[in-house]
Amino acid sequence: MNGPAPLMALRGVGKSFPGVRALDGVDLEVFAGEVHVILGQNGAGKSTLIRILGGACRPDEGHVEADGRRVAFASPAMAARMGVAVIHQELTAVPHLDLARNIFLGREAAFRNRLGLLDLGAMRAAARRALDAVGLRADVRTEAAALDVAGQQLLEIAKALSQDSRVLVMDEPTASLSVPEAERLFAIIRRLRGEGHGIVYISHRMPEVKALGDRITVMRDGRRVALLRRGEAGADALVAMMVGRAVALSRPPAQTPGAVLLEAEGLSAPGIADASIRLRAGEVVGLAGLVGSGRTELLRALFGAERGAGAVRLGGRPLPADPVRAAAAGLGLVPEDRKRQGLALGRPVRDNLLSASFRRLARRGVAWPARLEREARSLVSRLSIRTAGTGVRVGTLSGGNQQKCVFGRWLSAEARILLLDEPTRGVDVAAKAEIHATIRARAGSGCAVLLVSSELPELIHLCDRAYVLRDGRIVGELAGAALTEAAVLRLAVAQEAQAHAHG
Amino acid sequence: MNALPARIGALLLLALALSLATEGFATATNLLNVLRQASLLFLVASGLTLVIIGGGLDLSVAANLTLSACTAALAFKATGSVAAAVATALGCGLAVGLLNGLLVAVVRVPAFLATYGTLWIASGAAYWLMAGRVVYGFPPALRGLGTGFVLGVPTPVWIMLAVAVAGGAFLFLSAAGREVFFTGANEEAARLSGIPVRRRRILVYGLSGLMCGVAALVYLGRVNAAEAGLGDPLLLPAVAAVLIGGTSLFGGAGGLAGTLVGALILTTVTNGLNLLDVGAAWHPFVTGTIILAALGADALLARRGA
Amino acid sequence: MPMAERALPAPFRRAPGAAVALVVLVAIFAASSGGRFLSVGNLVSLSSQVALLLLVALPMTFVVLTEGLDLSVGALMGLAGVVAATAMLGGWGVPGALLAALGTGLVLGAVNGALIAWGGMPAFVVTLGTMGLAEGLALAVTDGEPVSGFGDAPRLAWQAMIGPVPLPVAVAAALYALLHLLLYRTPFGAHVVAVGGNREALRLAGIRGRAVHAAVYVLSASCAALAAFLLVGRTNAAHPTVALGVEFDAIVAVVLGGTSFERGQGWLFGTVLGAAAIGVLRNGLNVLAVDPSLQVVAVGLLAILALVAGNRRGGRART
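So the protein sequences, as listed, match chains A, B and C.
Just remember that the numbering used here sits 300 ahead of the position in the first sequence, which is counted from 1.
Just remember that the numbering used here sits 179 ahead of the position in the second sequence, which is counted from 1.
Just remember that the numbering used here sits 1134 ahead of the position in the third sequence, which is counted from 1.
For reference, chain A alone in the conformation it holds in the complex (with noise of 0.2 Å):
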């Protein structure tokens, strides 16, 4: 491309982490006064980009230019100097410091009188100034924590405006917006390309991306597969970009499903408003929406982890809200965040496969060393779970051979409702394949499982039916032949859309 310089650019940048090849000879450029959209489903290798533009990791091939200069970012702070600026998802204010201080974090010293002290009347003004750039009016003397999601959001945009940032990349920024405040942050990102800032927006909601995207890379499995103009591409095209393959899984022959196991009606809990689901003993039903839909708030609130209104039922009889009692009446939850919520990672094997079943494998209260070993070995080679041993620690495994220990947890406690969080995130294709397997294989003996994937083509193979969530609602539940990647995709991000479309 002729005429100036990109502001910023990758040239074939490479990732690599333990079993995953994150990213493999990505170009990308950002020129001033555009909006360059970066399209991909889950595992696409979006965020590893976003870190690499933002400083929090370096690229193992290839490098990173600034205005036609290679640069090696050492830490985001670094990054922000040269003029990059990531709107992360979760949001970094400080809770407690006033709009002010957090827009000038870390630089106050530009604000110092003589004696030393902060001058709040320049540090306020120029707050009010970069507030005011974002049409943010709350006042910059009222704490970050009071602010609302969009409000903290637009804070950062602010913080980065401050700094001169030319380059802003915005990771999902709408995934918690409600439509007007997407609408604004909208009109100001439009005002920012039109002021020579270069926007690298990352999403998957088709009518935003037709609405601010001047170019569009569409990413999948670490490589991009396309760059278009605004136009070149309608939003089933860019879609079936994303997918890629149009390899139909296979998927095994629906069987016919059992009595109802659980049954939730009008529930409502944070995250997530007035759903009603219902899941058969043998069947593996999906739940489908983009992230911050409501699909992890669902699953907790299944399970009692979260309270809310509604009725849950288990065979007819209510189900009270809490993890003990659920544990007890045999659901299972394999949750999202492995390390945080699955796992004590430094406690061995063996106590991760075994917590939720300590109480079942003890007689009279006492449970015996050599019964709770011959449990975990027993679920180690049912799992084919690698390890030494089942006293080595579970945090020295590797991420498929975790997951595999809290899935066994649940095998061992005969839980008979399985609900799975992204059940294969962040596990090589071998460890996927046998998670694949085993869900299979509960279903077949008579669980039911709920399974929430980003990744579709994991979903619509296993699933013989799947709920869609959009903004905490279920908008849609398809079946059979009808449960299509484009389909599922389609009721996901085809929200309040045609508001945005002719935004």
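Because the hints were derived from the structure by calculation, they are not lab data.
Errors might be hidden in some of the hints.
What the hints assert, rightly or not - DMTMM-like, lysine to aspartate or glutamate: derived pairs with alpha carbons at most 25 Å apart: (1) K256(B) - D1286(C); (2) K639(A) - D477(B); (3) K639(A) - E366(B).
Just so it is clear, the structure is predicted and the values come from calculations on it, not from any experiment.
Given chain A's structure and the hints, the job is docking chains B and C onto it.
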């Protein structure tokens, strides 16, 4: 991780050095005396160990010992019944422990704050109850718990061994004990495994309180007197015994055998200081230094490992 | 936040525990002491008592803002007092003694800070260790006896009036002004809040959070040493264990004052209210001749009440 043999080695080295450096250390009387002193420390530290393994903290153990001993002494003086004294000590210890458990598990006050609060409440209550008096003179049935011998070994040492065995059985053989470890290692993972986290929390604080009650009886038996503030010098050594016993302050790892060795090491150190004519006034200084040195060593090792 | 709450004066909004306790306690003691509580003499002694507590509680606020606590200050005050007294006996003069006390605080504070910030060790056990070290050292060098006979300078300082204001109160006021500026008008203050509130934000901003984290313990210990020097003047003798337990009153003052152990939420002026509430409680119980040992029980119960009430409010806000 399992450095118990190393800790036992350190204890033996320490004992060897003291046998060579002093005349009085390696005598049967002195060694039995060390064991007898260690038993009181171990009893206080044993409950603390359980709490810390479960991911909590109990700073109130020494004050709880004080209050339990004082109330038991007063109960004995009021009724003349040893059974009443025993029931009061155990009941008072358990009650303070359960209060801690409720504050931490149900009200969700940070553990260090809740138990530091009960420390001062129990300590103040003891001063108020005793009003400067020293209550002394207990019957042989009670004295025997502190000064008696069974098969040539001091009774409190038997009690120490019994608590170590029972506590170890609880931790390593009972379902609840395994769940305490898991809860201490990752509370959220425990909750999502269907472990009754609150009940386990309350259980360990209750046990910790109960052990303070047992320790109070041993104390009364040995010293034959109760006064306010009697347990104060035991808080630091109890924390130190747990720490050098190898129980992780972050929860989820450790055991009573380590605390037993830790209590023996600390008692041996103070015994050695006495034999070397270093005044008792130096004991807190030495204990504090041991704690800081152990922490520094742990921090360095963690760094090296990382 | 509902309108009804917004209409409340700041102390009741931001430090409800301290504000309510203060109003209730003053009313109770004023009504039940037959005028003795509100007498000028008693108010002067009350203000000096609160001032002394503030010298420890104000810097403790910084520590709690970083989600930590410092159990060593009470023991350190004993040690620093002994060091100062010994220095005066050794002919170092008052400035030399003050420096010696401050130096003691600096060293112990640095040990705390290093082990907590760089060592990653829990604050309670580190400061418990330094507590033992300081208490033991003070006891060992004095054999538990007070150190005295160093002239009248400390006593005169304790009793000095600056205009109508007792010197300890003036010192506490000066420290408040200084720490207020430090917390609210310097980069350091913002970074302290961020250590407790969001360390990731500090990292992204390229700030050395560990140095800030360690510094609050140095601040806490140095102020405790300063308080120790004044305290020596009260009886004109340095008692090695005189201040044990002060840290408890200080931590309760901080918590009553609306500073939370989580996420860097706090209010420096709230600590003043909290310290005043505790001072009033102890002083009033003294006036009513309630056993001193029950005072600490009362402080503990006050803290638990405040925490339970605070927890309730927080609990409702979440659901």
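So, going through the hints one by one against the coordinates:
no. : hint               : result
1   : K256(B) - D1286(C) : violated (48 Å)
2   : K639(A) - D477(B)  : holds (24 Å)
3   : K639(A) - E366(B)  : holds (12 Å)
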